[in-house]
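Order-wise, the sequence lines are chains P and W. 238 is the number that numbering that gives the first Met the number 0 gives to position 239 of the first sequence; each next residue is one higher, with no gaps. 136 is the number that numbering that gives the first Met the number 0 gives to position 137 of the second sequence; each next residue is one higher, with no gaps.
Hints may be right or wrong, so weigh each one.
[Claimed, not checked] Listed below are the simulated BS3-like cross-link pairs for lysine-lysine, each with C-alpha atoms no more than 30 Å apart in a straight line:
1) W/K148 with P/K111
2) W/K8 with W/K255
3) W/K148 with W/K188
4) W/K255 with W/K188
5) P/K163 with W/K112
6) W/K188 with P/K163
7) P/K163 with P/K111
8) W/K188 with P/K111
[Said to hold, decoys possible] Some chain P residues flagged as far from chain W (calculated, every beta-carbon gap over 10 Å):
9) R79
10) S233
11) I239
12) N240
Don't read these hints as lab results, they were simulated from the structure. Note that this is a predicted model, so its numbers are computed, not measured. The beta-carbon is built from N, C-alpha and C at its ideal position, and this holds for glycine as well.
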Amino acid sequence: MTDRPLEGRTAIITGAGRGLGKSMSEGLAAQGARIALIDLEEDVLAAAVADVEAAGGQGCALAIPTDVTDTDRAQAAIDRTIEAFGGFDILINDAAMGPQFFTDNFVADTPKFWEVDPDLWYRVLTVNAYGPQLMATVATPHLVERGWGRIINVTTSLDTMYLKGCGSYGPSKAALEANTRIMSQDLVGTGVTANVLIPGGPANTRMIPEATGFDRDELVQPEAMRPPVCWLCSADADDINGMRFIASLWDEDLSRDERIAMAGAPTAWAQIEALGQRPRDWAQTDR
Amino acid sequence: MAEMASNGKLTDKVVMITGAGRGLGREMALALAAEGAQLAIVDMDGEELQQVAHEIAAIGGSECVVPLGADVSDPDSATTAVHYAANNFGRLDVLFNNAAIGPPAIAEDSFGKPPKFWELNPHTFIRMIDVNIAGPQVMAATAVPYMLKNGWGRVINITTALDAMYAPGMGAYGPSKAALEAHTVVMAKDLEGTGVTANVLIPGGPANTRMIPEATGIPRDELIQPDAMRAPAIWLASNESDGHNGERFIAAHWDKGLEEASAPCAWPQLGQQAILPSSIRR
Numbered sequence: 000m001t002d003r004p005l006e007g008r009t010a011i012i013t014g015a016g017r018g019l020g021k022s023m024s025e026g027l028a029a030q031g032a033r034i035a036l037i038d039l040e041e042d043v044l045a046a047a048v049a050d051v052e053a054a055g056g057q058g059c060a061l062a063i064p065t066d067v068t069d070t071d072r073a074q075a076a077i078d079r080t081i082e083a084f085g086g087f088d089i090l091i092n093d094a095a096m097g098p099q100f101f102t103d104n105f106v107a108d109t110p111k112f113w114e115v116d117p118d119l120w121y122r123v124l125t126v127n128a129y130g131p132q133l134m135a136t137v138a139t140p141h142l143v144e145r146g147w148g149r150i151i152n153v154t155t156s157l158d159t160m161y162l163k164g165c166g167s168y169g170p171s172k173a174a175l176e177a178n179t180r181i182m183s184q185d186l187v188g189t190g191v192t193a194n195v196l197i198p199g200g201p202a203n204t205r206m207i208p209e210a211t212g213f214d215r216d217e218l219v220q221p222e223a224m225r226p227p228v229c230w231l232c233s234a235d236a237d238d239i240n241g242m243r244f245i246a247s248l249w250d251e252d253l254s255r256d257e258r259i260a261m262a263g264a265p266t267a268w269a270q271i272e273a274l275g276q277r278p279r280d281w282a283q284t285d286r
Numbered sequence: 000m001a002e003m004a005s006n007g008k009l010t011d012k013v014v015m016i017t018g019a020g021r022g023l024g025r026e027m028a029l030a031l032a033a034e035g036a037q038l039a040i041v042d043m044d045g046e047e048l049q050q051v052a053h054e055i056a057a058i059g060g061s062e063c064v065v066p067l068g069a070d071v072s073d074p075d076s077a078t079t080a081v082h083y084a085a086n087n088f089g090r091l092d093v094l095f096n097n098a099a100i101g102p103p104a105i106a107e108d109s110f111g112k113p114p115k116f117w118e119l120n121p122h123t124f125i126r127m128i129d130v131n132i133a134g135p136q137v138m139a140a141t142a143v144p145y146m147l148k149n150g151w152g153r154v155i156n157i158t159t160a161l162d163a164m165y166a167p168g169m170g171a172y173g174p175s176k177a178a179l180e181a182h183t184v185v186m187a188k189d190l191e192g193t194g195v196t197a198n199v200l201i202p203g204g205p206a207n208t209r210m211i212p213e214a215t216g217i218p219r220d221e222l223i224q225p226d227a228m229r230a231p232a233i234w235l236a237s238n239e240s241d242g243h244n245g246e247r248f249i250a251a252h253w254d255k256g257l258e259e260a261s262a263p264c265a266w267p268q269l270g271q272q273a274i275l276p277s278s279i280r281r
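Generate coordinates for the entire structure from the input sequences, incorporating the hints supplied.
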């Protein structure tokens, strides 16, 4: 093993300007990957590129200002990455609008669902649930053609998906969680995998405003995302598909199997008995 | 006919049902009308909607039904429909968010020949999100203040089986229903103590509607028949379901009793998930 096991890999990371996205970018760059950083604001991106290059070396990072819900710009971001780096192997859908857009303090001050601004509710839904689908749609043909790839979607804890006061944040993440499981099934046999990675609790990013009064040290630190994301992007995770991993439970001191058992689970809520009924001819399928 | 309705369980209820032009929505509308409910029925297809309005008028009289051609994914259209219904009947008690774009929008046979997620037209994907999750939010956010005024009300969201939420080949259908399922829990929490409740009702498997096209080749009589929705829809819209909030009800199991036919909304069976440090127990 070299120090830079991801040398030769290229990752597209949305929401890379700050928080978890930026931290994952730095972590992957430090292991040798080249990074196309996607975010909305150019100045935020420029600062992030400087930090990622400090971690991975001059020229390893490229800023691509893009709105992930814009079809033309999403495609242009893919084209720009291929032009600059000759291709890409990894898509990390991290860009999201968090609870902080609905309330400064989602513990003490939770707006009711009939009180929230409808335009904001819709915007958060589309950025978080549609953006990743759009990015995956434009990225996946390239990954499948190469026969190796990763799609990593950042969702949230399963019970945060129905936390009140956060507008469409939770529901949008439930949609992305379900969609990741669909992606993983569609990708079987292609060499490309789709998995979920979450911090495992509220993280020390702008999604948790100071007004919450939380002790910042007690939050999941963004750096916790680095070891599991680097592992997911390595050849060692080639057989990992349709799983969700909790960064704060990821322990590199454990064996591979123990680590996966500790921090991993199937995507979505597959453990729950569905209580449904199926026509007889479906009963034999996995559906 | 009107005489029978006056003895019904829903004689004092005004109910709005989206996607009422056919399928489960039409069936529930007819069932509620037979119990004396006054109905605001919503659909995009005006012709089918008129047809259902005639059927309802034949049961409860022409005064008991208002057909409203509206697109739930268009906030102006959706809110106008809700306000119109509430003004017309002087109140609004129950909202069924039933309208949805199903798998046939993705492919003729989403089950036998499921398209891959990267082959989908992004516009179809976002259109499904618009109708299946954004629409119900706009409808509920507009309707609930009318219910709160009377201290009684129902929001009933039609989602799908938990494992259908991640079945491939159906575009945003499953994910959008997962979002609506989670959102129903949020609604239920926000409504606690108000007399208004939010619950989920599902057929409990693929139903014999246009959502399962003939091209699937599935024998129609093996599908859940839309009339399975009648009894649970009546119960949910009536005072009998007072106190039930944040639950999901499965029409196919209705005959086995409430315990068998119900579960909590979403996936709380999986327990506490988010790891919360001591300073932030919620």
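Cross-check of the supplied hints:
1. The suggested pairing of W/K148 with P/K111 holds, with an alpha-carbon distance near 15 Å, which does not exceed 30 Å.
2. The suggested pairing of W/K8 with W/K255 holds, with an alpha-carbon distance near 21 Å, which does not exceed 30 Å.
3. Between W/K148 and W/K188 the CA atoms are separated by roughly 18 Å; this keeps the pair inside 30 Å, and the hint holds.
4. With a CA separation close to 28 Å, the supplied pair W/K255 and W/K188 stays within the 30 Å bound.
5. For the hint pairing P/K163 with W/K112, the CA-to-CA distance comes to about 38 Å; that exceeds 30 Å, so the pair is violated.
6. Taking the CA atoms of W/K188 and P/K163, the gap is about 7 Å. The hint holds against a cut of 30 Å.
7. For the hint pairing P/K163 with P/K111, the CA-to-CA distance comes to about 8 Å; that is within 30 Å, so the pair holds.
8. The suggested pairing of W/K188 with P/K111 holds, with an alpha-carbon distance near 9 Å, which does not exceed 30 Å.
9. For P/R79, the requirement that its beta carbon stay farther than 10 Å from each beta carbon of chain W is met, with the minimum near 19 Å.
10. Once the 10 Å rule is applied to beta carbons, P/S233 is consistent with being away from chain W; the minimum gap is 24 Å.
11. No beta-carbon of chain W comes within 10 Å of the beta-carbon of P/I239; the shortest separation is about 17 Å.
12. For P/N240, the condition that its CB be more than 10 Å from all CB atoms of chain W holds, with the nearest at approximately 13 Å.
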